[in-house]
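Asker: Using the sequences provided together with the hints, build the complete structure.
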Amino acid sequence: MDFDPSANRVVGTARIPGAPEPKKAPVPVKIIVAGGFGVGKTTTVGAISEISPLTTEAEMTSESVGIDDPGQATMKTGTTVAMDFGVLTIDQTLKLYIFGTPGQTRFAFMWDDLVRGALGALVVVDTNRIDDCYPAVDYFERQGLPFVVGINTFNGQMSYSIDEVRWALAVREDVPVISFDARFRASVRDALLVVLDQALDKAIRMKS
Numbered sequence: 004m005d006f007d008p009s010a011n012r013v014v015g016t017a018r019i020p021g022a023p024e025p026k027k028a029p030v031p032v033k034i035i036v037a038g039g040f041g042v043g044k045t046t047t048v049g050a051i052s053e054i055s056p057l058t059t060e061a062e063m064t065s066e067s068v069g070i071d072d073p074g075q076a077t078m079k080t081g082t083t084v085a086m087d088f089g090v091l092t093i094d095q096t097l098k099l100y101i102f103g104t105p106g107q108t109r110f111a112f113m114w115d116d117l118v119r120g121a122l123g124a125l126v127v128v129d130t131n132r133i134d135d136c137y138p139a140v141d142y143f144e145r146q147g148l149p150f151v152v153g154i155n156t157f158n159g160q161m162s163y164s165i166d167e168v169r170w171a172l173a174v175r176e177d178v179p180v181i182s183f184d185a186r187f188r189a190s191v192r193d194a195l196l197v198v199l200d201q202a203l204d205k206a207i208r209m210k211s
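Each residue of the sequence shown is one higher than the one before, counting from 4 in my numbering.
Hints listed in this document are in silico derivations from the structure and should not be mistaken for laboratory results. As the structure is a computational prediction, the values presented were derived from the model and not from experiment. Just so you know, even glycine gets a beta-carbon here, dropped at the ideal spot from N, CA and C. Warning: the hint list may mix true and false statements.
Unchecked claim - In silico lysine-lysine, DSS-like type, Cα no more than 30 Å apart, as pairs:
(1) K26 / K210
(2) K205 / K27
(3) K26 / K205
(4) K205 / K33
(5) K205 / K98
(6) K210 / K98
(7) K33 / K98
(8) K98 / K27
(9) K26 / K98
(10) K210 / K33
(11) K27 / K210
What the hints assert, rightly or not - Label pairs and their computed distance ranges (CB to CB):
(12) K205 / A171: 18 to 26 Å
(13) A171 / E24: 50 to 58 Å
(14) F187 / S55: 32 to 40 Å
(15) K27 / W170: 12 to 20 Å
(16) L97 / I181: 30 to 38 Å
(17) L57 / L196: 21 to 29 Å
(18) K210 / S164: 16 to 24 Å
(19) A28 / S162: 42 to 50 Å
(20) G120 / I54: 13 to 21 Å
(21) D94 / W170: 32 to 40 Å
(22) Q146 / L196: 17 to 25 Å
(23) E176 / A206: 14 to 22 Å
Answerer: The structure is reproduced here in structure tokens:
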């Protein structure tokens with residue numbers, strides 16, 4: 004207890020008996036959503052975020068022809084040029100800060116800054132364009148960051164099975180390959196929980 008002469012009173016931090024314990028702020032966890040152009044990263048972040056997601060999409064113009072490849076399977080006319088950002092509170096102890104990476108390879112130089120401090124990643128895959136996710140898979144393997152391959156089913160259909168996608172990507176057996184629908188909050192939440200499980204498993208292994 005301290006005496007505040009200007010206020011002529013005693014001040015301090017002692018808690019009143021019987022008063023409830025002050026609530027602790029939830030632990031912040033940074034999660035990355037990555038993948039190729041037009042696979043559903045922005046949709047994923049938008050579906051799950053409890054705040055209006057922050058996006059940095061720009062319209063593709065004729066000047067981007069030959070640089071920005073929208074692919075044959077998408078009618079997308081915009082591209083994320085920096086990042087997408089959303090927030091999800093899991094419970095009173097855990098809060099996710101979700102960052103979506105730009106899909107175009109010419110923005111790959113931003114990945115190091117976006118990924119710094121992240122505990123895990125979700126690599127979104129379109130089975131019609133599996134090759135597009137190779138750079139993300141390679142990047143996280145090199146970084147040693149736990150990641151999950153999430154096949155975006157779009158219309159509830161997949162061109163290839165989970166086993167076929169695992170074989171095509173040649174990911175390790177300990178890397179989960181799952182399916183989800185980026186349009187639906189519950190489906191995205193389940194996918195992110197798998198990412199959290201991966202991050203927790205790595206933390207436990209490092210301590211043991």
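Asker: Need the status of pair K26, K210: alpha-carbon distance at most 30 Å?
Answerer: holds, 28 Å
Asker: CA of K205 to CA of K33, is that 30 Å or under?
Answerer: holds, 15 Å
Asker: Taking the beta carbons of A28 and S162, is their distance inside 42 to 50 Å?
Answerer: holds, 44 Å
Asker: Can you tell me whether the CB distance of D94 to W170 sits inside 32 to 40 Å?
Answerer: Cβ of D94 to Cβ of W170: about 36 Å, so the range 32 to 40 Å holds.
Asker: Could you see if the CB distance from L57 to L196 stays within 21 to 29 Å?
Answerer: holds, 23 Å
Asker: Run the distance test for K27 versus K210: straight-line Cα separation, threshold 30 Å.
Answerer: Holds, at about 25 Å.
Asker: So the hint says 18 to 26 Å: do the beta-carbon atoms of K205 and A171 match that?
Answerer: The hint (18 to 26 Å, Cβ to Cβ) holds, given that K205 and A171 are roughly 24 Å apart.
Asker: Is the distance from the Cβ of L97 to the Cβ of I181 consistent with 30 to 38 Å?
Answerer: violated, 20 Å
Asker: Does the Cβ-Cβ separation between G120 and I54 fall within 13 to 21 Å?
Answerer: holds, 20 Å
Asker: Mind checking the alpha carbons of K33 and K98 for me, to see if they're no more than 30 Å apart?
Answerer: The hint holds at about 9 Å.
Asker: Next pair to validate is K205 with K27; report whether the Cα-Cα distance is within 30 Å.
Answerer: Distance of about 25 Å is within 30 Å: holds.
Asker: If you check the beta carbons of E176 and A206, does the distance land in 14 to 22 Å?
Answerer: Taking Cβ atoms as reference, E176 and A206 lie about 20 Å apart, which means the hint holds.
Hints 14, 15, 16 and 18 from the list above are not met by this structure, while the remaining hints are.
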